[in-house]
Each structure stands twice: as structure tokens, then as C-alpha cells.
Amino acid sequence: MTLNIYGIRHHGVGCSRALVDALVEQQPDIILIESPADAQDAIDCLRDPRASSKLDDQMQTPVGMLAYETENPKNCVISPFVDFSPEWVAISYGIVNDVEIRFIDLPSSVKFALSRNEKDDDNKDDDNKDDDNKEDDSKDGKAETSAEEERKDDVEGESEDADAKLVGEIIRDPIGTIARIAGDPDPERWEERAIEAAVKPGRIFPGFLELMTELRFAVRDAQTTRRRSESADALESECAEGAEGDATDATDANASELEKLAVAVARQTGGSDRDLEQLREAHMRREIRAALKKGKERVAVVCGAWHAPVLDLETTDARRLALIPSKSIDDKLLSRLPKVKTSFSWIPWTNSRMTRRSGYGAGIEAPAFLGTIWNESQEARTLDRMTGRTGRRVDSDPARESDVSFPYRTAVVKTLSRAARLLRDDGGEAAAANVVDAARFADTLAAVRGRANASLDEIRDAVRCVFCDGEEQAFRAVQQRLEVGNEIGVAPKRTTKPPLAKEIESQSKKLRLARAEEERTIKIDTREDVGMRKSIFFRRLNLIDVPWATFVSDPYARGTFSETWTLAWRPEYEIQIIDASRYGSTLLDAASEKTLKEVEESTELHQIVKIVDRVLPAKLSDDALGKICRKLNDVASLSNDVLEAIKSIPALVSAIRYGSARNDFQAELTFVFEILFNRILDRLREICVNIDEEAARECVDALTPFVDAVALLDDREKDRRLFDAFERLANDVGIAQFVAGWLARKLHGNGVWSEQELGDKLRFYTGRATNPEDVSMWLGGLIYGTGQSILWLQELWTVFDEWLLSMDSQLFQEQSAMLRRAFAPFEQAERRKLMEVVKKLRKDDDQLVEDQTNASLPQEMSETLKFILS
Amino acid sequence: MSKKTLVEKAIRNHAEVAYASELSVLLDEDKNNPKPLNWKLSPRAVVLYLVGGTTPRGKKIRPKFIGDRKLMEMAVATLAADRGLLLYGLPGTGKSWVSEHLAAAISGDSTLVVQGTAGTDESVLRYGWNYQQLIAKGPCLDALVPSCTLRGMQEGKVVRIEELTRIPSDVQDALISIMSEKVVAIPELNVERKAYSGFNIIATANNRDRGVNELSSALRRRFNTVTLPPPETLEEEVKIVRNRVEELGQTFEFPTAPPAQEELQRVVTIFRELRSGVTIDGKRVKSPTGTLSTAEAISVVNNALATAGYFGDGNLSARDLAVGLVGAVVQDLNTDPAIWNEYVENVVKERKDWDDLYKACKDIKL
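So the protein sequences, as listed, match chains A and B.
Just so we're aligned, residue 1 is where the first sequence starts under our numbering, counting upward by one.
Just so we're aligned, residue 1 is where the second sequence starts under our numbering, counting upward by one.
Be a bit skeptical, because a hint or two may be false.
As the list claims (entries may be wrong) - Distance condition first, Cα-Cα at most 30 Å in a straight line; then the derived DSSO-like pairs of lysine-lysine:
id, chain 1, residue 1, chain 2, residue 2
1, A, Lys339, A, Lys497
2, A, Lys631, A, Lys510
3, B, Lys239, B, Lys182
4, B, Lys182, A, Lys414
5, B, Lys365, B, Lys283
6, A, Lys165, B, Lys283
7, A, Lys594, A, Lys54
8, B, Lys239, A, Lys414
9, A, Lys502, A, Lys339
10, B, Lys365, A, Lys414
11, A, Lys627, A, Lys74
12, A, Lys619, A, Lys631
Said to hold, decoys possible - Listing some non-contacts, in silico: residues in chain A with all C-beta distances to chain B over 10 Å:
id, residue
13, Ile181
14, Leu215
15, Glu429
16, Arg440
17, Arg449
18, Gly470
19, Thr586
20, Lys619
21, Glu686
If you're looking for bench data, these hints aren't it; they were derived computationally from the structure.
The structure displayed is predicted, hence computed values, not measured ones.
Every residue, glycine too, gets a C-beta built ideally from N, C-alpha and C.
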């Protein structure tokens with residue numbers, strides 16, 4: 001009877017390769033995997049519905065296993081898998097070879113319950129009776145340890161933190177931490193090297209086991225030293241009740257006694273991480289014992305490397321046995337654990353999300369690159385033969401079979417060649433010959449750095465150096481696609497969908513909306529019930545970042561009841577929906593929660609106003625809307641920024657006009673509008689003084705929609721106040737001329753100033769013997785964004801003409817550039833029209849200035865002008 | 001006058017002479033390491049020589065390049081992989097310096113240099129003729145004058161081409177066949193000359209000059225480009241300046257005390273602020289037209305040391321620095337004086353310990 005513990009690194013290519021060989025050699029009759037025990041049934045979803053010894057043929061990695069609290073789907077954990085995840089390899093092997101598979105980790109139902117109880121600790125929740133004792137202990141323990149810690153903090157504070165941090169890192173990713181300590185920043189490569197060193201594949205796991213054992217001893221020693229002083233106090237308090245043994249003399253104490261002590265102290269101090277780890281390990285041991293008892297002959301256990309030493313129940317090494325708690329301790333630990341109802345689901349996942357932290361800890365940096373290495377390996381092909389997948393592989397190569405590092409070297413070349421292709425697709429130059437050079441360069445660089453194989457570092461340097469001419473930017477443009485990749489997985493057919501996804505699917509069915517990838521446009525009438533529901537559905541989807549439908553603004557639509565939407569489904573949206581599950585299990589809830597969170601996090605007024613505008617037509621709950629409006633009110637009152645206020649008005653007006661049916665919100669929004677409007681009118685001058693050209697343009701760009709929005713409100717009183725303010729400002733000589741010009745035009749456009757007055761204004765400017773630059777700027781503002789109507793202002797152009805002629809040639813030269821810029825917004829046709837106007841003006845005047853070399857108007861006109869004027 | 005040999009009297013010796021002791025130590029310890037054919041040192045030893053550190057047997061090596069080690073690794077790996085190396089970057093970032101030391105370390109000879117100018121012609125890259133012999137004996141090997149490129153090819157050594165982009169494009173392209181086929185044909189004599197292992201090209205190019213002849217893409221892709229960035233942090237740049245000033249100080253033997261750390265920091269801070277357009281407190285300042293590179297900072301300090309030694313009291317003062325600073329910053333007399341004045345009034349004046357510098361700068365009339 002053999003018990004083989006395969007301690008692996010999550011998503012480790014080297015480990016997956018070794019695992020395939022190991023399983024083939026061992027031919028296990030049961031495979032135990034470190035995954036939540038209550039997810040056991042989810043394994044069946046992976047099987048082909050017609051043949052249980054085949055994998056579902058629709059399924060493609062990356063996929064994830066979603067575990068969520070049934071009543072509260074916001075609490076969820078995703079465990080992702082890619083092709084080269086050792087657990088995935090183990091599951092696939094088990095399914096296609098008809099081997100029993102069991103998940104043996106602590107059930108998610110317990111993990112969720114425990115994490116919830118931790119949060120409730122302070123609230124003294126009585127959700128679970130079991131926790132009462134735990135809580136009381138922890139309170140006492142905490143009091144003791146905090147005093148102790150305060151004393152030690154001065155002395156050992158820093159080193160303790162560093163130690164604790166290191167311990168945490170080791171537990172999470174032991175192989176990675178060791179690789180880093182060994183000086184290799186790339187754990188993959190370190191892993192490869194460790195495997196290359198092994199002659200027979202079966203030897204890598206015993207090697208890891210030994211390594212982890214030593215690591216455990218080292219960590220335990222570090223922890224025990226700390227706990228000794230903690231537990232000394234804890235014990236003293238128990239001494240009165242007759243606790244056994246004095247921790248300070250425990251140097252010779254039995255190792256298992258120490259372990260017991262550690263367990264007890266851990267529970268007392270409520271060190272949750274360690275506590276959880278111990279529960280998990282106890283649970284896994286229990287499952288292993290059960291399997292052995294059942295009479296299994298060849299047991300294979302696939303678990304994280306850190307856990308391997310304490311799962312090796314059949315070891316004969318006394319030192320190692322000392323690390324492993326007995327059955328009775330385990331049973332005690334696992335007694336009366338809290339649970340909550342939990343559901344599981346297989347979901348598609350993406351390569352880019354593999355870079356994130358997950359249930360497995362840190363993400364992987366370069367999934368596409370690692371995938372290439374895996375695809376080239378002999379072991380992957382062995383597995384493929386078993387599972388019957390042939391799609392992705394290339395023809396066999398004898399070198400692949402004999403050379404362990406073959407996949408590494410091929411992956412380098414393939415990645416470089418892919419980089420060249422990506423650069424060419426982007427329009428750059430990357431010759432095929434350069435790929436050869438780059439590959440050689442990468443190998444040489446690896447040698448110079450003392451590494452056996454080129455890896456990601458060297459690939460990056462080679463791409464930068466050889467293809468991108470040393471430029472960082474060009475490299476970054478392809479880096480994401482090159483290293484991470486765009487793969488999107490497909491979930492197996494039989495899985496149940498998470499609640500939010502289910503609800504959205506059922507709503508789409510009711511509304512007869514099919515998920516098609518090709519774009520199509522639909523028109524809806526919100527006066528109809530169905531149309532209204534569709535509109536709300538689309539808007540809520542957009543609020544959770546699923547832009548399945550995008551709003552098309554139709555200039556010909558009359559009224560606001562007719563809406564045009566463009567629909568195009570993308571596979572990523574499915575994953576986006578799953579992401580949004582943490583906000584709620586119905587679309588309404590998720591949209592509300594997410595929006596509230598966004599509102600809470602935003603500090604800028606115009607951001608919040610935009611959110612309000614989006615939210616009202618989505619008809620979120622009154623509660624949510626109320627909160628949002630309140631936040632808007634708060635920010636509006638506190639904000640001091642006039643420009644912000646101006647930028648916020650258009651969206652606010654749009655919201656007010658929409659919300660006309662819901663009186664309570666309209667009142668709130670109108671109130672905010674009043675605050676902002678008054679503030680703007682009072683302080684408009686502030687943003688118009690002491691600003692350069694760019695800022696002036698920005699100011700006008702913000703004012704234009706502002707004016708239009710206010711006009712929409714159709715409020716005479718407000719209009720009057722606005723234009724009064726504008727007039728005061730336009731007459732103010734201290735403000736930026738560009739803005740003044742624009743104001744002048746607005747005032748003319750709204751009938752406040754006549755053409756005569758406009759001309760007078762220009763005369764005023766040109767009359768002053770100061771900066772002609774001012775005039776150019778003023779004209780620029782006048783013309784900015786205007787239509788042809790301005791051309792017909794005779795009075796204006798006459799004054800302008802007079803002024804031009806009055807300038808001496810040098811001044812004219814200096815100003816010509818500026819004037820050209822002022823006239824830049826004019827289109828060709830408009831310029832020609834202006835020419836005609838000038839012609840008419842000039843017709844009667846024969847007096848010319850000889851030195852008028854270049855016209856201030858565009859180049860094309862200068863010759864014609866010369867012709868006219870000569 | 002101290003008794004110095006001709007070699008010691010030279011203002012600046014070649015790297016392989018100036019650092020001969022380091023190179024011989026490295027050579028000694030390198031005996032068992034694999035080396036590319038005709039290389040004096042192994043690639044790792046070359047990297048050690050460039051970035052500095054300690055040899056396995058404990059001898060200290062001064063750093064020649066202060067910056068990201070990875071860049072040096074890439075440069076050496078390029079040459080080891082038989083690709084041309086193009087050192088690219090702003091002026092004054094150490095390209096020619098690194099090129100010289102690479103050549104010294106790899107081939108033991110940094111003298112095979114082609115200086116690129118607008119007047120460079122093909123004979124500098126291929127060969128020329130000794131006209132007297134040519135007329136006397138007609139076309140023959142005796143009349144041939146090999147360029148240093150050709151000599152490098154035949155001796156298996158590294159050839160340096162400085163300012164590659166100043167060389168006219170048609171002449172640049174002569175490099176293409178040299179680099180791909182590693183051969184120079186001499187049609188007049190109906191022979192060809194092959195390159196031997198150890199031959200490689202290190203080119204340097206500026207990306208800020210006018211009158212630049214961009215490399216054709218055929219030529220560009222025969223080079224690996226390593227961009228040397230300007231020093232990233234203040235500390236790094238001060239270190240570079242200090243190192244170089246000390247070395248130059250030994251050559252020139254100024255009768256001055258070595259500059260204090262604060263002085264160097266002041267100079268480098270001023271350079272960095274003007275270069276980047278923003279002060280360390282985050283205020284914006286205008287940048288003058290000059291490049292204000294690290295190399296210029298080194299000159300400014302040297303100037304100041306000389307002035308202090310020969311015209312002052314032997315201690316570096318703000319006055320000595322000010323003259324050099326102004327000279328480095330004000331290049332274009334139309335725009336730079338205003339920028340400099342603004343900087344002095346807005347930044348130098350505001351700094352607590354910079355009164356002496358402020359006064360000194362104000363005293364210089366522009």
C-alpha cells in the first residue's frame with residue numbers, strides 16, 4: 001500500500017509535468033486533491049454528460065470554480081485553473097482513467113462561516129454556539145498577549161514583523177519564496193532547474209517533501225520562540241487551574257506537547273491564519289485516513305507543497321512524525337465547526353484575470369508564456385493522448401522526448417516570434433531574421449547572467465533591444481498581449497450558473513433578447529411596457545459594466561421616449577457578470593450596490609452628477625437613489641471649484657429634466673442646481689482671469705454646454721441672470737481676451753448686444769495702443785466654434801479691416817501667426833465667403849499700404865488678396 | 001616638476017592603460033572561465049569590470065558605469081552573441097565612455113575608433129590608398145591603407161564608431177555588408193579580407209542633435225540597441241560626478257581640496273531641475289536650450305576646482321561654481337539669460353543655505 005504525497009506549486013508548470021509522469025508511474029486507485037470537500041459534486045460537471053470517463057468537450061480553460069454563500073452571494077471565492085494547474089491535471093487524469101477523485105480540503109461552508117464569525121467577533125454575535133467558548137478564550141488570550149507584545153515590541157518589534165511576514169510568504173508560496181532566497185527571481189525557472197536535476201520524475205516530489213519539512217521546522221522554531229513567551233503568560237493563567245508543564249522549560253518537552261501547546265495558544269490568541277491552516281490540514285488528514293481505511297492500495301494526494309510534510313501519514317521518519325498531530329487532536333480541532341449553506345459553480349475565466357490574487361494566493365504573471373512552455377512539453381502531450389484532446393498540439397519531435405528543457409527553449413523562440421508578429425500587426429517593423437538574432441541574444445544574455453535557460457526576463461530584454469530599438473514604450477504596447485494573452489475560457493455545459501447570471505439570463509429570455517455577437521440596432525418606445533423594461537434592463541447592465549447594449553443618440557428622435565440601442569454580445573460579459581455577483585444576486589441589487597460604491601469613492605462633483613444622470617433612467621431603488629442624491633448634495637455644498645460646477649451642470653440639467661415625473665428627487669436635484677448656479681454666477685470672473693490660452697479654451701469649452709443646458713431649463717429668470725453676468729464680464733478688461741470674445745458673441749447671439757455694439761467693442765480694443773495680441777485673442781474667442789452667421793457682421797469686419805491696415809509691416813508680421821490661428825476654425829467654404837465679404841468692403845477703397853505682404857487670413861487668400869489689393 | 005614618464009604625462013590615457021591593474025587582475029582570475037574566441041575576458045568578467053564590485057579573490061574593481069546593471073549585461077551579451085551594439089541616448093550619458101571600456105575589456109584595445117562626422121567617407125570604414133605607392137607600383141597591397149575597421153576585422157578586435165548618425169547615409173550603408181557578411185571586398189586587387197572572431201562593432205548615437213542621418217532600417221536591424229538613460233536619481237548622478245571628478249583631479253593635480261558632498265549636490269540639483277523643468281519641491285521652471293548633461297556637470301565642477309586652486313584660496317567656493325554654472329546653462333543668448341535669471345530669483349534665492357550661491361550668481365552680469 002503506497003501513499004504518495006505530491007506537494008505542488010499552484011499553477012506551476014514544472015510541477016504539472018512531474019505530476020503527469022508521477023501519476024502514470026504510480027497508477028493510483030484514488031486521487032485526493034486539495035479543494036473544498038463540499039465541492040465534490042462539482043467534479044461531475046466536468047464529465048461529458050454522455051460518457052463519464054471523458055471530459056466535457058465544450059469546456060476550455062481558463063475556468064474557475066466559484067464558491068459562494070447561497071443566501072449571500074456577495075461572499076464568494078474563485079479558484080482559477082489553467083491547463084497547467086496541477087490540480088486540473090490531477091482531475092483530468094482521474095476522470096479519463098476512471099480513478100476515484102475526492103476533494104479533501106476544509107469545506108467552503110466552514111470557511112465562509114469562520115470568516116463571517118471573525119467579523120462578528122466584536123459584535124458578540126450568537127450565530128453559532130460553538131464560537132462562544134472560542135470567543136471567551138480569545139478575549140482573555142488577547143488581553144494577555146497584548147500586554148506581552150507591548151513589552152516585547154520595543155525590543156523585537158521590527159524583526160518580529162519581518163519574521164511574521166516571511167512566515168506568511170512561506171505558507172502562501174513556499175517554492176516561490178525559496179526561489180527568491182536562492183537568488184532567482186523567477187520561481188518557474190527555479191522549479192525547472194530543480195526538476196532537471198532529478199533523474200527520474202518520481203524523485204522531484206520526495207525532494208520537495210524534504211525541503212518543505214526542513215522549512216516547517218525552521219518556521220516552527222521561529223514561531224515557538226515567540227509563542228514561548230506568549231504561552232508562558234497564558235499558561236500562568238491556566239496554572240491556577242492545574243495546567244501541565246512549564247513552557248519555559250519546554251526545550252526538552254515532547255514535540256507533540258509543544259504542538260498541542262501551539263494549537264491551544266493559537267486558538268486562544270485567535271491567530272486566524274494559522275488557525276485556518278491547521279483546520280485545513282486536520283481535515284485533509286482525516287480524509288486521507290478514511291481513504292486508507294477504505295482499503296485503497298495506491299493513494300495519491302495532490303496538495304500545496306507547504307502542506308505535504310503534515311499529510312505524509314505513512315512516513316517512518318520519527319522526526320517528521322513529530323510534526324504530524326494525532327488523530328485525536330485532529331478530531332478535537334474539527335469538532336463542532338460552524339457552517340453556512342454554500343453553492344458551487346464553474347465559470348469561464350480569462351488569462352488576464354489569472355494575474356490577480358485569488359483563492360490560491362498571488363496570481364501568475366505571464367499565463368501565455370507559461371502556457372507555451374506547457375504546450376511544448378512531453379508530459380502535456382501524454383495527458384492529451386489520455387484525454388483525447390488533439391486540437392492544440394503540433395507534430396512530435398524526438399528532441400521533445402529526450403530533453404527536459406526542450407519546452408523552455410522552444411517557448412523562448414515561440415514567444416519571440418509571437419512578439420515579432422504582434423509588433424508587425426501594430427504597424428512596426430520586426431523582421432523574421434531578427435527573431436533568430438533575438439533568440440541567440442536571449443540565450444547569451446541568460447549565460448552572462450549565470451542562468452541555465454533564458455526566461456521571461458531575457459525575453460523582455462531581447463524584445464526591447466532587438467525589435468524595439470531600445471524603446472520602452474514600444475515594448476509596453478505588446479507586453480500584455482505577449483505575456484498574458486487574451487484567452488477566455490468556456491465553462492462546462494452542465495454547471496449551474498451563479499444567481500446573478502441566472503437572473504440576467506431569465507430576464508433576457510423574457511425580453512426576447514438573444515446573445516448575438518454581430519451588432520444590431522433596435523429602437524424602443526419607452527411608452528410601451530416592454531420598451532420601458534428593455535430600457536431599464538440595458539441601463540442596469542451598463543451600471544455593472546456590461547455594455548451589451550450601448551445607447552445611440554439619435555438626433556432625429558423626437559421627445560425622450562424613443563431610444564435607439566446597439567446590441568453586441570461579447571464572451572467577456574459573462575465573466576463581468578460573475579465579477580458583479582459580489583454586489584448582489586439580482587440585477588437591481590448589483591446595479592444599486594455597485595453604483596453606491598462608486599459614488600462613495602468619487603470625490604469629484606462632475607463624476608457624481610454623471611452617475612446621477614445614468615442612474616435615474618435605470619430606476620434603481622428609492623433607497624439607493626436617496627443615498628446618491630444625499631452624497632451629491634454634500635459634495636456640491638462642500639466643493640469650491642467653479643469650473644467643476646460648470647462642467648457638472650449639463651448632466652445635472654439632463655437628470656432634472658428626466659426626473660420630472662419623480663417629484664422628490666427632482667426637488668433635491670433642483671436644489672443642488674440652484675447652489676451651483678449661484679456659485680457660478682458669483683464667481684465666474686475667477687476662472688477667466690490670469691489664464692493662458694489653453695486654459696481659456698478649456699474655460700470656453702466648459703461654458704458652451706453650460707449655456708445650452710441652462711437654456712434647456714426654459715427659465716426666463718435664470719437666462720436673464722446669466723446674461724447679466726456675462727455682460728458684466730464681457731465689459732471687464734481684466735479677463736482673458738479669448739473668453740471676452742466668446743462672451744461677446746454669445747451676447748450678440750442672444751440679442752443682448754447689437755451688431756453696432758459688437759463693432760464698438762472691437763474698436764475699443766483696437767483703439768487702445770496696447771497689445772495687438774489681445775485683439776487676436778478676442779477675435780479668436782469670437783469665432784470659436786461659430787457658424788457662418790458671423791461672416792455677415794459688416795460692422796465688425798469693417799473695424800477689423802481698418803485695424804489691419806493701420807498696423808505697420810513688422811507688427812503685422814508678428815500678428816499674422818496669431819491671427820491665422822484665430823481664423824483656423826473656419827472651414828474652406830467659410831473662408832471663401834469671408835473673402836467675398838472683404839472684397840465688398842474693399843471695393844470702394846483704393847488706398848493701400850504697400851507693405852502688406854501676408855494676409856492675416858489663410859495662405860490661399862493671400863495671393864487673391866494681393867490681386868484684389870494691387 | 002615631478003618626474004613623470006611620457007605615458008603618465010598624458011592628460012588622458014586609454015582605458016586599457018589607465019585601468020591596466022584591474023584588467024590584469026580580472027584576467028588572472030578568469031583563466032578557467034569560458035570565453036568567446038579572441039576575447040581577453042569572459043563576459044561575466046567584463047560586466048564586473050564595468051559595474052564594479054569585488055572579484056572572487058577580493059580585489060576591488062571601481063565602477064565605470066553607475067546605473068542599471070542590466071544594461072551592461074545586455075551590452076556584453078550583444079557583443080558575445082555576435083551582434084552589433086548601438087549605444088543610444090542623450091548626450092552626456094556615458095555612451096562613449098562605456099564604449100571605450102567595453103573595447104578595453106574585451107579586446108584589450110580601445111584605440112580602433114572611427115569618429116563620425118559629416119565629412120566621413122568610405123575610406124574610414126573600408127580602406128584608402130597611399131597615393132605615392134599607388135602611382136609608383138600601381139594597385140597592390142603595399143599601396144593599400146587599411147582603415148581601423150579593416151584592421152579590427154583582421155585582428156579580431158572590437159571597433160568603435162562614435163556618432164554613427166553624423167556619418168552620411170551612403171557611407172553608413174557600407175557597414176551593412178561588413179556586418180552581415182563580415183567581409184570587405186577589395187575589387188581593385190581582386191581580393192577580399194575576412195573578419196576574424198573577436199571582431200565586432202560598438203556604435204554610439206545621439207538622439208538630440210541636428211544634422212542627424214537616421215540609420216536605414218537595414219542597418220538598424222543589424223544592431224542591438226541599448227539606450228543609456230540619464231541618471232535616475234540625484235544620488236546616482238552625484239556619485240557619477242564625484243567619481244569622475246576625483247579621477248580627473250588626480251590627473252590635473254589641482255591645488256584644491258576635494259569638493260564637499262553638499263557642493264556636488266547643489267550643482268547636480270541645479271542641473272537636474274533645469275533639465276527636467278521641475279524643482280524638487282514641485283515648482284515648474286523653464287528649461288534652457290542646452291542639454292545640461294552629467295558630463296557637463298562634471299566639467300563645471302572641474303572648472304570650479306581649477307579656478308579655486310589657481311585663482312582662489314584652494315577651497316571651492318560658490319563664486320567658482322557660479323561662473324561654470326552660468327557658462328553651462330546659458331547657451332543661447334536670446335532666451336537663456338531670462339530663464340537663468342528667473343531660476344535664480346525663484347529657486348536659488350528661496351533656498352535656505354544657498355545665499356552664497358545666490359549672491360555669486362547675481363554678481364555675474366549677462
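Right, here's what the structure says about each hint:
At most 30 Å may separate the alpha-carbon atoms for a hinted pair to count; Lys339 (chain A) and Lys497 (chain A) meet this at roughly 22 Å. In summary, the hint linking Lys631 (chain A) to Lys510 (chain A) is not supported, as the alpha carbons are separated by about 35 Å, beyond the 30 Å threshold. For the hint pairing Lys239 (chain B) with Lys182 (chain B), the CA-to-CA distance comes to about 40 Å; that exceeds 30 Å, so the pair is violated. For the proposed pair Lys182 (chain B) and Lys414 (chain A), the alpha carbon gap of about 28 Å is at most 30 Å, so the pair holds.
About 26 Å separates the Cα atoms of Lys365 (chain B) and Lys283 (chain B), which keeps this hinted pair within 30 Å; it holds. In summary, the hint linking Lys165 (chain A) to Lys283 (chain B) is not supported, as the alpha carbons are separated by about 39 Å, beyond the 30 Å threshold. Pair hint Lys594 (chain A) plus Lys54 (chain A) does not hold up; C-alpha atoms about 40 Å apart against a cutoff of 30 Å. The suggested pairing of Lys239 (chain B) with Lys414 (chain A) is violated, with an alpha-carbon distance near 42 Å, which exceeds 30 Å.
At most 30 Å may separate the alpha-carbon atoms for a hinted pair to count; Lys502 (chain A) and Lys339 (chain A) meet this at roughly 25 Å. For the proposed pair Lys365 (chain B) and Lys414 (chain A), the alpha carbon gap of about 64 Å is over 30 Å, so the pair is violated. For the proposed pair Lys627 (chain A) and Lys74 (chain A), the alpha carbon gap of about 20 Å is at most 30 Å, so the pair holds. Between Lys619 (chain A) and Lys631 (chain A) the alpha-carbon distance is near 18 Å, which keeps this suggested pair within the 30 Å criterion.
The beta carbon of Ile181 (chain A) is kept farther than 10 Å from every beta carbon of chain B, the shortest such distance being approximately 20 Å. Listed as a non-interface residue, Leu215 (chain A) keeps its Cβ farther than 10 Å from every Cβ of chain B; the least gap is roughly 30 Å. A Cβ of chain B approaches the Cβ of Glu429 (chain A) within 10 Å, the least distance being about 6 Å, so the stated non-interface status is violated. Consistency note on Arg440 (chain A): stated as away from chain B, yet its beta-carbon is not over 10 Å from all of that chain's, at 5 Å minimum.
For Arg449 (chain A), the shortest C-beta to C-beta distance to chain B comes to about 6 Å, within the 10 Å cut-off, and the non-interface label is violated. Under the 10 Å C-beta cut-off, the non-interface status given to Gly470 (chain A) relative to chain B is violated; the minimum distance is some 4 Å. The Cβ of Thr586 (chain A) lies farther than 10 Å from every Cβ of chain B, with a closest approach of about 48 Å, so its non-interface assignment holds. With 10 Å as the threshold on Cβ separation, the claim that Lys619 (chain A) sits away from chain B holds: the shortest Cβ distance comes to roughly 46 Å.
At roughly 21 Å, the least C-beta separation between Glu686 (chain A) and chain B is larger than 10 Å, which holds for a residue marked as non-interface.
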